[in-house]
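> Here is what each chain is made of, one letter per residue.
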Amino acid sequence: MKNKSLVSINDFTREEHVRILELAGAFEKRPKQRILEDYVVATLFFEPSTRTRLSFESAATRLGARVIGFTDASSSSVTKGESLRDTILTVSNYCDIIVMRHPREGSARFASEISKVPVINAGDGANQHPTQTLLDMYSIRKTQDSLDNLNIAFVGDLKYGRTVHSLVQALCNYNTTFHLVSPQELKLPSSVKMDIKERNLTYHQYTELSEVIPNVDILYMTRIQKERFSDPLDYEKVKNAYVLRNNMLEGAKSNLRIMHPLPRVNEITTDVDDNPKAYYFTQALNGVFVRQALLASILGVVD
Amino acid sequence: MEKEDLRKELKVSAIENGTVIDHIPSESVFQVIKILNLTEYQNQLLIATNLDSQKMGKKGIIKVSNKFFKSDEINKIALFAPTATLIIIKNFAVVEKKKVEVPDYAEKIVKCFNPNCITNNEEITTKFTVIDKVELKLRCHYCEKITARGNISFR
Chain H
1 MKNKSLVSIN DFTREEHVRI LELAGAFEKR PKQRILEDYV VATLFFEPST RTRLSFESAA
61 TRLGARVIGF TDASSSSVTK GESLRDTILT VSNYCDIIVM RHPREGSARF ASEISKVPVI
121 NAGDGANQHP TQTLLDMYSI RKTQDSLDNL NIAFVGDLKY GRTVHSLVQA LCNYNTTFHL
181 VSPQELKLPS SVKMDIKERN LTYHQYTELS EVIPNVDILY MTRIQKERFS DPLDYEKVKN
241 AYVLRNNMLE GAKSNLRIMH PLPRVNEITT DVDDNPKAYY FTQALNGVFV RQALLASILG
301 VVD
Chain S
1 MEKEDLRKEL KVSAIENGTV IDHIPSESVF QVIKILNLTE YQNQLLIATN LDSQKMGKKG
61 IIKVSNKFFK SDEINKIALF APTATLIIIK NFAVVEKKKV EVPDYAEKIV KCFNPNCITN
121 NEEITTKFTV IDKVELKLRC HYCEKITARG NISFR
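Sequence lines, in order, name chains H and S. Residue 255 in this note's numbering sits at position 255 of the first sequence, with consecutive numbering throughout. Residue 76 in this note's numbering sits at position 76 of the second sequence, with consecutive numbering throughout.
With the rest of the complex left out, here is chain S (with noise of 0.2 angstroms):
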């Protein structure tokens, strides 16, 4: 693990203070740039992603500096990166370390996938109510269809 880590320092460096997303699958590493709202960060941000990974094979890496996310706007990642894991920095140190939970909740950011339903036709922000963490189940706020792991995809 720490020998791990050591190569993970020479490829992404250090921050001082601020949140490292740790473990994104490859593929997710735009996907949770872009519900984190970092694409207009002002501060520094380092991205790296298909680093080799132990436990995953290919991994993606974030490092946002000077910024501790909410855990309501952290958790939405967890739809689509159930892995990550998240590492609280403060004077090059980590002070805590934590996974993602998969929130009871899902605003805006996953697509209906009934293509009926009237968030597909109308501009409507999307509502779901997580009903399976485990499985991934969302029920759709209107037209109540289930959009499960299988079908899920985000706006």
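Same shape as in the complex, but just chain H (with noise of 0.2 angstroms):
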């Protein structure tokens, strides 16, 4: 993977995603290693995303990385006018691996052509951030010992989250049964349904979320934004059906476990964060170890 760039989940090979989560594993018992001590990571962020920097940077900053870059387009040159491509063609100079985060769709993969180093896309608008993907694989094989053969269900907005899209996508390649659960308006695309009878897997949909909870082993929350319906009184509607509360996981299996990429506003209560099957915390934490071993296996340091 030395000087490969991650813009889409698929640009890695099953066998590459498996590696760089048994790496994640290593960066986990010992997360802190002075390997790229002599290694300059930029972080650009031309729109905000404070977990995804801070989870960066801390992977960086633990294995003895400096660090540089921006935190919003604002305090950047891109307020002055300047190119995307400008900005990259100079920032490569500096650095010696890019993680960016653009509100354009598209934007990681024109880096990753013109940069003279490896670019690791951390959002590209409503396309990729494939290191989520990768984090939410650590965290379900961590916890359920093996990616094959799960029962998982997606809840909430699954027609726009990018989240939901790319891990549909990854999950093909372990014998995965979904149940997606999501209102009308909400449903899985198509394109991505079609991804998953392509790999001949099968799919449930349902509009209840209590219908799906005895079954599985994985239960993915997301978040339903207001701002996703052309008419508010939808949306009224089906605000609350999808909000898990503690009650509701009384006949759960034991093995289950409650994911979230964060942020979380309602639809996961206060009550489900000390049941021992709220996962979502450590999920974040997750998200550094994956990133260490990206750093570190794109970087050349680790094979």
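Incorrect hints may appear among the rest.
Listed below are the simulated BS3-like cross-link pairs for lysine-lysine, each with C-alpha atoms no more than 27 angstroms apart in a straight line [claimed, not checked]: (1) Lys253(H) / Lys277(H); (2) Lys90(S) / Lys67(S); (3) Lys116(H) / Lys108(S); (4) Lys111(S) / Lys99(S); (5) Lys277(H) / Lys239(H); (6) Lys137(S) / Lys108(S); (7) Lys145(S) / Lys193(H); (8) Lys197(H) / Lys137(S); (9) Lys108(S) / Lys159(H); (10) Lys159(H) / Lys187(H); (11) Lys116(H) / Lys127(S); (12) Lys193(H) / Lys137(S); (13) Lys99(S) / Lys67(S); (14) Lys97(S) / Lys55(S); (15) Lys187(H) / Lys90(S); (16) Lys145(S) / Lys187(H); (17) Lys145(S) / Lys4(H); (18) Lys127(S) / Lys137(S); (19) Lys193(H) / Lys133(S); (20) Lys145(S) / Lys226(H); (21) Lys133(S) / Lys145(S); (22) Lys98(S) / Lys67(S); (23) Lys159(H) / Lys226(H); (24) Lys99(S) / Lys197(H); (25) Lys127(S) / Lys4(H); (26) Lys127(S) / Lys193(H); (27) Lys145(S) / Lys159(H); (28) Lys133(S) / Lys197(H); (29) Lys159(H) / Lys127(S); (30) Lys133(S) / Lys58(S); (31) Lys137(S) / Lys159(H).
Keep in mind that the hints were calculated from the coordinates and are not lab data.
Each chain sits in its own coordinate frame; assemble them with the hints.
Set out below in structure tokens:
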């Protein structure tokens, strides 16, 4: 994976995904290793994303790398009208690897084609966010001991959530059975369902959250955003239908874990947080180990 | 068929050597000229549009003297003129007739329908993979969204 950019989850093979997850496991055991002391990591955040940026900066700093960059476009030369092309051509002189978040879809692919150093996509508009997908895979594997043959439920906004689309596509490699819970307006797009069908895998669609809870190994919750509805009344109708409360988990399997890409608003009530099945904050911690694994392997410090 | 050809001869005179692009949808004639870079062409170029056609109702035709296109060059026009046929002329005689074929890739000419795609916001050459030649679906190399027949437009 040395010098290879990571823009889309499919840029890496199934074997490379597994290798990253294994390396992440090693970093979880020993998170502080100064193996990147000679390296400079640039974090270019053309739109703010505090969680993702801090996770990358924590990963880089714990490995001894120096971090340079900006936290939103207003503190960069973008406000002076500089093109993305010029920013990348300039910054790639100053660093060994670029981590970038940008509001336009396709920006990371373009950057990876003109940059002298590898690029890790930390989110390009509504398109891809592959490090989120890898940390989700890591979390699932860690809590279920394997990625194979699981029953995984996705709940909430399945139409617009890029997190959901990428994770579904990645899980198609592992004989997953998908349980899709969403309001009519926010169902999984047909193109993603096609990916499931092409692998001869099964998906079930529901509108009631309580129906799936007893049967699944992972409950992947997402936030339903008001601005996705053209009619505010439609939002009012569904906004409370996809809220997970602690008492709903009574009949769940013992190995069930609840995941969420965060930030959470009200779709998981706080009384769930103390339930041992709640995994979302540990999931966020896992992101640091996965990003350590990516930085180290793309920079060629580990094989 | 012969009768139609005869009438066409009357309207657009024959060329000795070169390529005839026939059965172009009338509205696409000038697009074809642009895509094939014929606006600067220095040899004889005959253009007609809104001709009567039994098959198509109205059609356009372009006759390009002393020019034989490479297939990847000419297939670009299949994206917006899928009905077009190519006729290769040597010594006033038809030596080959074929239909244009939708290419596997499209560079430069197609505009991504996604307004938030980076190619619509910076100076970047667009690149698409044609994932369905019958329904005409193109996947953008950058934003990965699919531009389909209904929302295709050209740069």
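> If a hint holds in the structure, say so; if it doesn't, say that too.
Hints and how they fare:
1. Lys253(H) / Lys277(H): holds, 10 angstroms
2. Lys90(S) / Lys67(S): holds, 11 angstroms
3. Lys116(H) / Lys108(S): OK: Lys116(H) and Lys108(S) at ~24 angstroms, within 27 angstroms.
4. Lys111(S) / Lys99(S): With Cα atoms ~24 angstroms apart, Lys111(S) and Lys99(S) stay inside 27 angstroms; holds.
5. Lys277(H) / Lys239(H): Roughly 23 angstroms separates the two Cα atoms, so the pair holds.
6. Lys137(S) / Lys108(S): holds, 16 angstroms
7. Lys145(S) / Lys193(H): Since the Cα atoms of Lys145(S) and Lys193(H) sit roughly 15 angstroms apart, the hinted pair holds (cutoff 27 angstroms).
8. Lys197(H) / Lys137(S): holds, 19 angstroms
9. Lys108(S) / Lys159(H): It is violated: about 30 angstroms lies between the C-alpha atoms, which goes past 27 angstroms.
10. Lys159(H) / Lys187(H): holds, 5 angstroms
11. Lys116(H) / Lys127(S): holds, 21 angstroms
12. Lys193(H) / Lys137(S): Given that 27 angstroms is the threshold and the Cα spacing comes to 17 angstroms, the pair holds.
13. Lys99(S) / Lys67(S): With Cα atoms ~17 angstroms apart, Lys99(S) and Lys67(S) stay inside 27 angstroms; holds.
14. Lys97(S) / Lys55(S): holds, 17 angstroms
15. Lys187(H) / Lys90(S): violated, 58 angstroms
16. Lys145(S) / Lys187(H): holds, 18 angstroms
17. Lys145(S) / Lys4(H): Roughly 23 angstroms separates the two Cα atoms, so the pair holds.
18. Lys127(S) / Lys137(S): Within the cut-off at roughly 13 angstroms; holds.
19. Lys193(H) / Lys133(S): holds, 21 angstroms
20. Lys145(S) / Lys226(H): holds, 24 angstroms
21. Lys133(S) / Lys145(S): holds, 16 angstroms
22. Lys98(S) / Lys67(S): holds, 16 angstroms
23. Lys159(H) / Lys226(H): Holds, at roughly 13 angstroms.
24. Lys99(S) / Lys197(H): violated, 34 angstroms
25. Lys127(S) / Lys4(H): Holds, because 21 angstroms separates the two Cα atoms, which is no more than 27 angstroms.
26. Lys127(S) / Lys193(H): holds, 25 angstroms
27. Lys145(S) / Lys159(H): holds, 14 angstroms
28. Lys133(S) / Lys197(H): holds, 21 angstroms
29. Lys159(H) / Lys127(S): holds, 26 angstroms
30. Lys133(S) / Lys58(S): Within the cut-off at roughly 24 angstroms; holds.
31. Lys137(S) / Lys159(H): holds, 20 angstroms
The structure does not agree with the numbered hints 9, 15, 24 stated previously, though it agrees with the rest.
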